[in-house]
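*Asks:* Got chain A sorted already, so can you dock chain B with the ligands onto it with the hints?
Keeping their order, the protein sequence lines are chains A and B.
If you count the first sequence from 1, position 20 lands on 20 in my numbering, and the numbers rise without skipping.
In my numbering, each residue carries its 1-based index in the second sequence increased by 309.
Hints are computed from structural coordinates only; laboratory data are not their basis.
Among these hints, one or two may not hold up.
One-sided and incomplete, this derived list gives chain A residues near chain B with beta-carbon spacing under 8 angstroms [said to hold, decoys possible]:
#1 G27
#2 L32
#3 E34
Predicted model, so just to flag it, every value in this text is computed and none were measured.
Ideal Cβ positions, reconstructed from N, Cα and C, are used throughout, including at glycine.
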Amino acid sequence: MGKARLGVQFGPLKLKNPILTMSGTFGFGQELGEYYDLSVLGGIIVKAVTAKPRIGNPPPRIAETAGGILNAIGIQNPGVDAAIAEELPPLQGLRKEGTLVIGSVSGHSFEDYNITTKKLSDSGLVDAIELNISCPNLKGGGLTFGTDPATVKKVVAGVRPLCDVPLIVKLSPNVTDIVEIARSAGAGGADMLSLINTLTGMAIDAVTRRPILGNVTGGLSGPAVKPVALRMVHEVSQAVDLPILGIGGVISGVDVVEYLLAGATAVGVGTANILDPLAAPRIVGELEEFLLREKIESVEELIGGLLLP
Amino acid sequence: MLRENAGKLQVASIVKNEPLAHDVYHITLSAPKLAADARPGQFVMVKVAPGLEPALRRPFSLHRFDGEAGQVEFIYQVVGRGTDILTNRVAGEEIELFGPLGNGFCLEKGSRIGLVGGGMGIAPLLAAAEEISRLGREVVTFLGAKTGDYLLTTKDFAALGPLYLTTDDGSAGDKALVTKPLLDYLENKKLDLILACGPTPMLRALSKLANEGGIPTQLSLEERMGCGTGVCLGCATAIRADTPEGYTYKRVCHDGPVFWARDVLFSVPDKITAKGGCDHGQG
Ligand SMILES: Cc1cc2nc3c(=O)[nH]c(=O)nc-3n(C[C@H](O)[C@H](O)[C@H](O)COP(=O)(O)OP(=O)(O)OC[C@H]3O[C@@H](n4cnc5c(N)ncnc54)[C@H](O)[C@@H]3O)c2cc1C
Ligand SMILES: Cc1cc2nc3c(=O)[nH]c(=O)nc-3n(C[C@H](O)[C@H](O)[C@H](O)COP(=O)(O)O)c2cc1C
Ligand code: FES
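Okay, chain A solo, but in the shape it has when bound (with noise of 0.2 angstroms):
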């Protein structure tokens, strides 16, 4: 058999592979590295974290949705001081290995982002840094940063001086008109594009007439939003010249196929993990059958190659 060239170039970035792990759903790596080596992975972009440490949110934090699950974990996570002392140095041996080691950074208050990604990018553990800016300004009225363009590019702009490692800005899907939130983060200083995070929705018990998550209302993820991502992978890649990491609910090699051939460059498996342990190199071995079998040498040559009417 013959073998498929599954590398890509990201922006600045090697990847051994298209795969990378999503933020949320790979805690810090440690836990399902026992489970499988996590070198065959093109990387992993590890748990959000924030300036200082946060709680999260009161249980249930997960529901069960029509192909999907809603979650409202609340970016429960130790500091980012506690993820450079304890939790990124035992990812470091991935490195050589080539696999990325992943940033992600989220933040209530312009302040928060830049103080977090400073820290993260001076700490030399991270390969690059996801900018998570689907939270909400706690300092600033509430409005959650990603779904105003200016505050998009004023956030990205913020952080940029401040971060020496390649930086991808995460778009929120709910917005009116993800290409120019898109354009925004371009504007602002972002070296690549990841999206989506998730929809914004909420599980109702029509027993006990509650809420079934703690907070009320999550986000959606896994195959149910797939169909709304792609449509967003495929308009900004139309519209802006960044590379682009595409996510959302990827549980399959064709999956990933699919993304690349709407424009992305990189594919990230969330929830897939949640539901599958084995998911993330599964479908990293269903890539490479894919490409076998339709004989398509490199995975790059897929990249952008829908075919439109």
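*Replies:* Just chain B with the ligands now, kept in the frame of chain A:
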């Protein structure tokens, strides 16, 4: 490329799956690796049907396991879609199991161990009772349920040591809460350790009693789960900790499901619970 834990994902075959009472079923599966690796108090995530409907696995406590026979048993109550689908699975069919997961009960100490179970909380206690008597220690069991029909597998418990039963309606045993015979017992006898599983009000009352009486007590907790591996932080339960809030959220799947009663916070003060997150709660 795969590591040892990958073997926790295994295909089992159903030996039998029969109703025990009303909406409660007893399922026995042939799963040699799981049966050999299991410890009392651990749980298993069951993929009730292949595919995405439903997508998440359902957690169930190991009711009993027999390494030599290569079999495991669960008892489950039908409460929704997943458990309903499970009732339709028949002997001979294959089903995917993921486990054993979680820490299980700690049985290092205690020459006389009390078991306290309420409702479906009876499920994990039989495995514990069997292990305790295998270790040559004494086991005393206190079980409570709504009605006599829900006092499940009592014969198995009775074979291993003294058994005290209560029901809410008096249809079997004493018409009382399960903590009543326990208190009576503790009037003139001693327990070195208590293991308990059941509805939150029962666990709360038991914790108070055990903490006041200075009896080390382990509780097996339930919470809605996503992954079962510890990656999603979905199955959070509030555990006392040296944080500004006075507690921290631990994972029932990975840090539990068994916790020391003195550490469990049954309700967190609303004002210091940080609601929010990104995209209106997620992340
Ligand atoms: C560690 C652990 C051990 C358990 N052991 C047993 C057992 O031995 N016997 C038994 O009958 N039940 C047990 N449960 C509860 C059992 O998991 C739920 O009753 C079951 O998941 C319900 O699934 P469903 O699809 O029928 O219900 P639905 O309400 O349709 O389920 C929807 C979602 O909510 C989750 N869910 C609903 N109720 C519960 C609950 N009480 N606890 C956790 N998740 C829930 C489901 O897993 C699913 O993800 C245990 C739960 C945990 C966490
Ligand atoms: C339980 C859970 C926790 C998540 N936590 C985060 C997070 O901390 N930061 C973040 O940027 N995205 C978070 N996400 C969003 C995912 O990274 C991903 O963008 C989204 O789930 C869509 O992809 P999927 O359908 O493959 O899961 C979380 C998703 C889930 C299901
Ligand atoms: S269910 Fe995901 S952390 Fe416990």
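*Asks:* All hints, please: hold or fail.
*Replies:* Cross-check of the supplied hints:
1. The beta carbon of G27(A) is positioned within 8 angstroms of a beta carbon in chain B (closest approach about 4 angstroms), and the interface hint is therefore held.
2. A hinted interface residue such as L32(A) counts as satisfied when its beta carbon comes closer than 8 angstroms to some beta carbon of chain B; here the least separation is about 6 angstroms, so the hint holds.
3. Checking E34(A) against chain B by beta carbon gives a least distance of about 5 angstroms; that is within 8 angstroms, so the hint holds.
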